[in-house]
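We have chain A already, so just place chain B with the ligands on it with the hints.
This is what each chain is made of:
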Amino acid sequence: MSYSRITLTVNEVVETVDVPQHMTLLQMLREKLSLTGTKNGCTAGECGACTVMMNDEPVNSCMVLAAECDGANILTVEGLAKQGKLSKLQDTIIKTGGVQCGFCTPGMLISATALLKRNPHPTENEIREALVGNLCRCTGYYRIVEAVKEAAGE
Amino acid sequence: MANAKSKEKNPTVVGASVPRNDVLEKVTGSATYLDDIQFGNNLLYARAVRSPHPHALIKRIDTSKAEKFPGVKAVVTGKDFPERIGLYLKDKTIFATDRVRFLGEPVAAVAAVSEEIAQKACTLVEVEYEPLEGVFDAEYGASDKAPLLHPDLGKYECVNFIFPKAGTNISNHFKIRKGNVEAAWKECAFIVDKTYKIPHIQHVPIEPHGAVAMMDQKGKVTLWASSQSPFAQRNLVAKALHISHSDLRVIAPLVGGGFGSKAGLTMEAIPVALATKLPGVPIKFILTREEEFYTNFVRQGLTIHVKVGCDKDGNLLALKNTMYWDGGASTEYGTNITRAGGYSSSGPYDIPNVETDSICVYTNHPIGGAYRGFGMSELHTGIDQAIDELAEKSGIERVKFLKQNAIAEGDIVVTGMTMHANGIQQCIDNVAKAIEFTKKEKPSTPDRLRGKGIAIMWKAPAMPPNPGSSAWVELSEDGKATVGLGGQEIGQGTFTVMAQIAAEALGVKYEDVRIAGPVDTQYSPYEWQTVASRLTWSMGNAVRLAALDARKQILDVVAEAWHETPEDLDIVNGMVVSYKSEQETPLANLVIYGLPKPNDEGWMGGPIVGRGSFMPKYVTNLDPETGQGPRAVVHYTVGCEGLDIEIEKSTGKIHVIRAGASFDVGKAINPALVKAQVEGGFVQGLSSALFEEIRLRNGVMTNPSFVDYRIATSADTAFPLDTTYVEVPQDDGPWGARGVGEHPMVPTIAALGNAIYDATGIRLDGPPFSAEKIFLAMLDAGKVE
Ligand code: FES
Ligand code: FES
Chain A
1 MSYSRITLTV NEVVETVDVP QHMTLLQMLR EKLSLTGTKN GCTAGECGAC TVMMNDEPVN
61 SCMVLAAECD GANILTVEGL AKQGKLSKLQ DTIIKTGGVQ CGFCTPGMLI SATALLKRNP
121 HPTENEIREA LVGNLCRCTG YYRIVEAVKE AAGE
Chain B
155 MANAKSKEKN PTVVGASVPR NDVLEKVTGS ATYLDDIQFG NNLLYARAVR SPHPHALIKR
215 IDTSKAEKFP GVKAVVTGKD FPERIGLYLK DKTIFATDRV RFLGEPVAAV AAVSEEIAQK
275 ACTLVEVEYE PLEGVFDAEY GASDKAPLLH PDLGKYECVN FIFPKAGTNI SNHFKIRKGN
335 VEAAWKECAF IVDKTYKIPH IQHVPIEPHG AVAMMDQKGK VTLWASSQSP FAQRNLVAKA
395 LHISHSDLRV IAPLVGGGFG SKAGLTMEAI PVALATKLPG VPIKFILTRE EEFYTNFVRQ
455 GLTIHVKVGC DKDGNLLALK NTMYWDGGAS TEYGTNITRA GGYSSSGPYD IPNVETDSIC
515 VYTNHPIGGA YRGFGMSELH TGIDQAIDEL AEKSGIERVK FLKQNAIAEG DIVVTGMTMH
575 ANGIQQCIDN VAKAIEFTKK EKPSTPDRLR GKGIAIMWKA PAMPPNPGSS AWVELSEDGK
635 ATVGLGGQEI GQGTFTVMAQ IAAEALGVKY EDVRIAGPVD TQYSPYEWQT VASRLTWSMG
695 NAVRLAALDA RKQILDVVAE AWHETPEDLD IVNGMVVSYK SEQETPLANL VIYGLPKPND
755 EGWMGGPIVG RGSFMPKYVT NLDPETGQGP RAVVHYTVGC EGLDIEIEKS TGKIHVIRAG
815 ASFDVGKAIN PALVKAQVEG GFVQGLSSAL FEEIRLRNGV MTNPSFVDYR IATSADTAFP
875 LDTTYVEVPQ DDGPWGARGV GEHPMVPTIA ALGNAIYDAT GIRLDGPPFS AEKIFLAMLD
935 AGKVE
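Going down the list, the sequences are from chains A and B. Using our numbering, you'd call the opening residue of the first sequence number 1 and step up by one each time. Using our numbering, you'd call the opening residue of the second sequence number 155 and step up by one each time.
Quick caveat, the hints were computed from the structure, so don't treat them as lab data. Treat the hints loosely; a few may be bogus.
[Stated by the list, open to error] Residues on chain B that point at chain A, a partial pick, calculated with CB under 10 Å:
no.	residue
1	L178
2	G183
3	G647
[Unchecked claim] Mimicking DSSO-like on lysine-lysine, the simulated pairs with C-alpha atoms at most 30 Å apart in a straight line are:
no.	chain 1	residue 1	chain 2	residue 2
4	B	K663	A	K85
5	B	K663	A	K95
6	B	K587	A	K149
7	B	K807	A	K85
8	B	K461	B	K348
9	B	K587	A	K95
10	A	K32	B	K274
11	A	K88	B	K663
12	B	K663	A	K82
13	A	K95	B	K634
14	A	K149	B	K807
15	B	K227	A	K32
Even glycine gets a Cβ: it sits at the ideal position worked out from N, Cα and C.
Okay, chain A solo, but in the shape it has when bound (with noise of 0.2 Å):
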């Protein structure tokens, strides 16, 4: 098997990997550097559990190749909160009850959290268009919505 060496930023910290050649950055991130907070929940770019923001882009880690991320700045749900402070976003998801079984979160708070600082005052339609690619089988979406909508309040 032949393996890269990427150097890379996650969470603000930099990070030097050996990875397989087909390793995903999914698989890298939980296997390779023990950040399992970002859930796998089909392998196949479908349900945006694996949600990461890559250079301020949200993407599917489950279909970026690790190989392809030497340079990249990543971000995952472990890196949201700063010093043991909570992002504005994690604390309204707590206040709305927008979480149940908690698989889709990490994903859903990245995609949320990537609208949010492309447009910090989204419309509820613009919040529901950004997150049609994070399914989450709970809550019927109304209170992260509604999260999305108080995060982006002040």
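Chain B with the ligands alone, transformed into the frame defined by chain A:
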């Protein structure tokens, strides 16, 4: 103590929307699910060899090539595990042995050093099949023309309330014979006679099924599983492998969605089987999303024939209900869904004459298992749409018709049991108000049609008569409490609700109660299963009793020390207080080390551990010919849903304008969690009504991916949903609570079907109510061009 004087206490923690106690982990990515547990470098990976045929004899299996493949550590087949298992009917084996009965059935499994190698080795297992004619329709399967799928059915072991018919494909036939239906038709002024078909659907938890198993050198097995049923799995695996229950340990971390699919035993047995060949090595098996769709428990398909009639004033008189459940290759669980469909077959209506035949049929389809609602969504899809038409025929306004016929306290329900107090009238009012049901409204644009639909429901926890719960509450040096329990946190918020119950009953702050998780059968007290919307009620009772037991132990010690009676003492916010002497002491002072006796005479008390258990003891069996008996179930939760919709004339696409969902929860221990359950359940119901169907062609699922099997997304719920609930207390529920986990998805299909009918005059014979189907039906009926 500010409130030490007042002895009257209203619950303060119970009834409050406190934040969930598992949420910080979940928003920071540190919550541990099955696949997040680290097992080190010895971990092996399992894959399964699956049947490519829906029905075939197995002529030969040769595993030798696979065994020799580099990296493969073990290969197992059915010959090593011949024991039949099943929850209600023992009709399946871990691997197919002589015959496969559905496409995807496991035939063998491989453990290897990587998933890729295991997968490759699976292709090297040679299996020779002789394909057989299949059964792909339940009604056909029940006929004597169909080939027999389980020739040994008569020999299978089953519980005493399931009635398999040897020599047929019918694994259970539940009957209701109440009153005289034939005579009653003559009294009916209006009759509706309809057939509906409800397709198979899939649960679709976002976390796929996964399990890790390891056997130690002494033969003790540990199973880590994403599970709603650690104790039921311990029971089933122990029996299948002939090991003692005490030598099997199931550890169940947080579950990323279950909806019934992670109840009972399915794929978890596979890594256990492999582990028995490789002592000391953990083996992981996680389903791919494709396997999740076509190989696991599905919601059974149903064909339901409903004939229902009322007199000229709209009073329901008679119902004849024939249901054919497409149980799939095994009906170990489905037989009880059939039973539940039977004993609840009137829906929440008072009908004096009922004849029901609820028939569970083997087919060569995926295995039907528990699914949120346990048969009730399917049943109500038939009943509530037929009754909607009957109301129309009778000329009585729908809400009035429903309210006049809805089941009320004291009514004799379909099994002969007397109905308890319930809030169905208020539920109907709440929903009618939320969508202004009786107000006829115009569509927002002329190229749309508008309609409103409403439907009511009931559901009882479906389970054996005596499913138990148990709990302990122990205190630590800091005076805080930890609750041991065996019910699972699957997203519904049960750990939060149990902490609230313990806090209230003991007298400590909610923040000062911990849940001893993850559930681990080695340390956690017994709980039957996390199903049937039973935890708040059943486990809630056990936790409350355990907390009260701890409380009594504490107050007895303090009373002795202070020379007072326990009746004058209380525990408030973690402080023991006396209303008589106005003394007080924090729990931390006494719950571990006890209290000193006066004059250095020694000590009293000691570590406090409260214990509670609960099991309903009053449920009786029913007569097998009439379905009659004193008490079929523990209780019913009732409710109502309604939708206000518009339909695009040019495409048939449905737009929901607003909706209402109201359920009688007895007591909302946590109102925000109740509402969250109702929202999620309603949307799952709506998703099943609009989009979902396992498309089966000759036993092959043709849409096993998220692309082809669509579920509701954030774009599909952009409408207001009113979730006002009702609280008519349950006599034996903690603070009056009863469950509401499943109910919100029960009446949704029917309510939407009724709204579509109101808008278009079209009644489709079953969901999903896709735009295409609606458009073609409108075209056919000449409603659009
Ligand atoms: S796991 Fe990547 S999109 Fe589903
Ligand atoms: S909270 Fe369970 S999938 Fe979203």
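These are the hints, each one checked on the structure:
1. With its C-beta approaching chain A no nearer than about 7 Å, B/L178 sits inside the 10 Å limit, and its interface hint holds.
2. For B/G183, the interface hint holds, the least distance from its beta-carbon to any beta-carbon of chain A being 2 Å, beneath 10 Å.
3. For B/G647, the interface hint holds, since its Cβ comes within 10 Å of a Cβ in chain A; the closest pair sits about 7 Å apart.
4. A distance of roughly 24 Å separates the Cα atoms of B/K663 and A/K85; the hinted pair therefore holds under the 30 Å criterion.
5. Between B/K663 and A/K95, the direct Cα distance comes to roughly 19 Å. Compliance with the 30 Å bound is thereby established for this hinted pair.
6. For the suggested pair B/K587 and A/K149, the alpha carbons sit about 27 Å apart, so the restraint of at most 30 Å is met.
7. Taken as a hint, the B/K807 and A/K85 pair is broken in the structure, with Cα atoms around 45 Å apart against an allowance of 30 Å.
8. Distance hint between B/K461 and B/K348 is fulfilled; the C-alpha atoms sit about 6 Å from each other, no more than 30 Å.
9. Distance check on the hinted pair: B/K587 and A/K95 sit about 28 Å apart at the alpha-carbon level, within 30 Å; holds.
10. For the hint linking A/K32 to B/K274, the alpha-carbon distance of about 24 Å falls within 30 Å, and the restraint holds.
11. Taking the CA atoms of A/K88 and B/K663, the gap is about 27 Å. The hint holds against a cut of 30 Å.
12. Between B/K663 and A/K82, the direct Cα distance comes to roughly 29 Å. Compliance with the 30 Å bound is thereby established for this hinted pair.
13. Pair hint A/K95 plus B/K634 holds up; C-alpha atoms about 25 Å apart against a cutoff of 30 Å.
14. Taken as a hint, the A/K149 and B/K807 pair is honoured in the structure, with Cα atoms around 28 Å apart against an allowance of 30 Å.
15. Taking the CA atoms of B/K227 and A/K32, the gap is about 24 Å. The hint holds against a cut of 30 Å.
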